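Residue numbers (the numbering used here), protein chains in the order written: chain A, 1 to 232; chain B, 1001 to 1231.
Just so you know, not all the hints are guaranteed correct.
Pairs of lysine-lysine residues, derived as PhoX-like cross-links and limited to a Cα-Cα distance of at most 25 Å, are as follows [stated by the list, open to error]: (1) K143(A) with K42(A); (2) K1230(B) with K143(A); (3) K73(A) with K1230(B).
Simulated DEER-style distance windows between Cβ atoms [stated by the list, open to error]: (4) T1029(B) with I68(A): 35 to 43 Å; (5) E141(A) with R1024(B): 33 to 41 Å; (6) I68(A) with N1130(B): 44 to 52 Å; (7) T1170(B) with E142(A): 17 to 25 Å; (8) N1130(B) with W112(A): 48 to 56 Å.
Coverage of chain B stretches by chain A, computed from C-beta distances (three or more under 8 Å per stretch; other residues unrestricted) [as the list claims (entries may be wrong)]: (9) 1153-1166; (10) 1216-1222.
No wet-lab data here; the hints were simulated from the structure. In this text, all values refer to a predicted model and were calculated from it rather than measured experimentally. For each residue, glycine too, the CB sits at the ideal point set by N, CA and C.
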Amino acid sequence: MVLKILLGVLLTAVIVSGFGLPMSPHPQAWYELPVIPGLEEKARIIFFHVPTAWLSVVAFLTSMTYAIQYLRKRDLAYDIRSSAAAGLGFMFCILATITGAVWAKFNWGSYWNWDPRETSIFVLLLIYGAYFSLRSAVETEEKRATLSSAYSIIAAVTVPFFIFIMPRIMTGLHPGAKGDPEGAGPVVEFKMAPNMRVIFFTSLIAFTLLFYWMFTLRVRTAELETYNQRRG
Amino acid sequence: MSAARPSFRLFLRSTGAVFLKDLRSELRTRYAVSALIMFVVTTISIILFSLGSEGASPDALSGMLWVVVFFAAMSGLSRTFVMEEERGTTLTLQLLAPPGAVFFGKLLFNLVLVTGVNAVTVVLYSAFINGFVIRTMSIFVVTVLLGSIGFAAAATVIAAIIARANTRGTLYPVLSFPIVLPLLLSVIDATRMASEGAFFGEAAGEFQLLISYIVVVIVSSAMLFEYIWKD
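Bound conformation, chain A alone:
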């Protein structure tokens, strides 16, 4: 209950301040956000797009951790958690992709440019998609849990290679990347104005709490479903 109220307050604050606070080229008052050249009003997306991208990675790691736990303990409760985290991660991954693509249309001129970050989120989408198609292809519960756990671990092990490959193949357009013409993009690095930083980190915390809440809900429903099935 406390969590839900806190979550409601935090997210409302983030939404209101993220969209509502005025932007000015020379911020005077504490509530005025600075204008970032090249981004202007479009910079507001950072409060919503970055947390979703962050959550799709967090969910992926959560899912993998539970997958390892499942393989060690062979308890289906871990598999329920692993797939619940993956399901949420898939959703946030789609959200991050769509919000990013819409933003890219207005800032870079096209919806998709195969920028390194776009490529990595695309790979993450592919992995989630493959994970769920594998799950739907196996009927026995234990087998499904084992195979999907093994797959998510293999996928998690190969993903870090993109960090080394991407910069060699293409230069980035994404704010915060090396190829950004402004040099300093408004991403997590501490080049953000202090008031923006407060909203940004509040949003990050709020979204993480949202993830936690949705995750526990999903786990509870999934556990009740299996309980019902066992009773017939």
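Given the coordinates of chain A, assemble chain B onto it according to the supplied hints.
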């Protein structure tokens, strides 16, 4: 591998036995080899027809080579494990050999298969596709070799997963693609370098990446294989 102290020599011998068993049954039927070669021939002719008399840029052509390799591998490499399920010999193999030996035996077989097929693919591709010129042969040879090992490593563990699932054929490329993508990207980049005539040292970064990819994938799949293989 939980026995008191299984001697390494015994492990090697069962690995070799699994490999020889697969090799012998392949030589008898020649199912995988003929399917793979026909696949390569088909794909290359489709590329030839679609290019017509127009040439494509060397960059595009060096990428296209790996498209052929990827889909050829996807059409044949799941065979080793799917075959065991179809013949109903999985249980026997589980009883007779330790999981590690099964994995490395199958990996070895896939490695031989992929390397052979890739050699044929490369020869056919450079013979029939005009405009695909390799200027630095050393880079290209190393790339094809490392690429084959990497493909075999990733494809073997995915094949083991796929063989245990209900739908075998269709899911294989879907599951493999995200895993193989880092390999594909760096192999394509190295091939582009080879066709541009870069010095051998310039491709060192790609080779480091390929080698570490191979090591990481083989080690993690050897660790996971026991869970996938045993019921």
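Consistency of the hints with the structure:
Our distance criterion of 25 Å between C-alpha atoms is broken by K143(A) and K42(A), whose separation comes to about 47 Å. A hinted pair counts as satisfied when its Cα atoms are at most 25 Å apart, and K1230(B) with K143(A) qualifies at roughly 10 Å. For the hint linking K73(A) to K1230(B), the alpha-carbon distance of about 15 Å falls within 25 Å, and the restraint holds. The supplied range of 35 to 43 Å is met by T1029(B) and I68(A), whose beta-carbon atoms lie about 39 Å from each other.
Distance hint for E141(A) and R1024(B): a CB-CB separation of about 37 Å, consistent with the stated range 33 to 41 Å. Remark: the range hint 44 to 52 Å for I68(A) to N1130(B) is upheld by a beta-carbon distance near 51 Å. Hint check: T1170(B) to E142(A), Cβ distance near 23 Å, so the stated range 17 to 25 Å holds. A C-beta distance of roughly 32 Å is found between N1130(B) and W112(A), which places it outside the suggested range of 48 to 56 Å.
For the stretch 1153-1166 of chain B, the stated coverage by chain A holds: 7 residues have a C-beta nearer than 8 Å to a C-beta of that chain, and at least 3 were required. With 4 residues having a Cβ less than 8 Å from any Cβ of chain A, the stretch 1216-1222 of chain B passes the three-residue criterion, so the hint holds.
Comparing the model with each numbered hint stated earlier shows that hints 1 and 8 do not hold.
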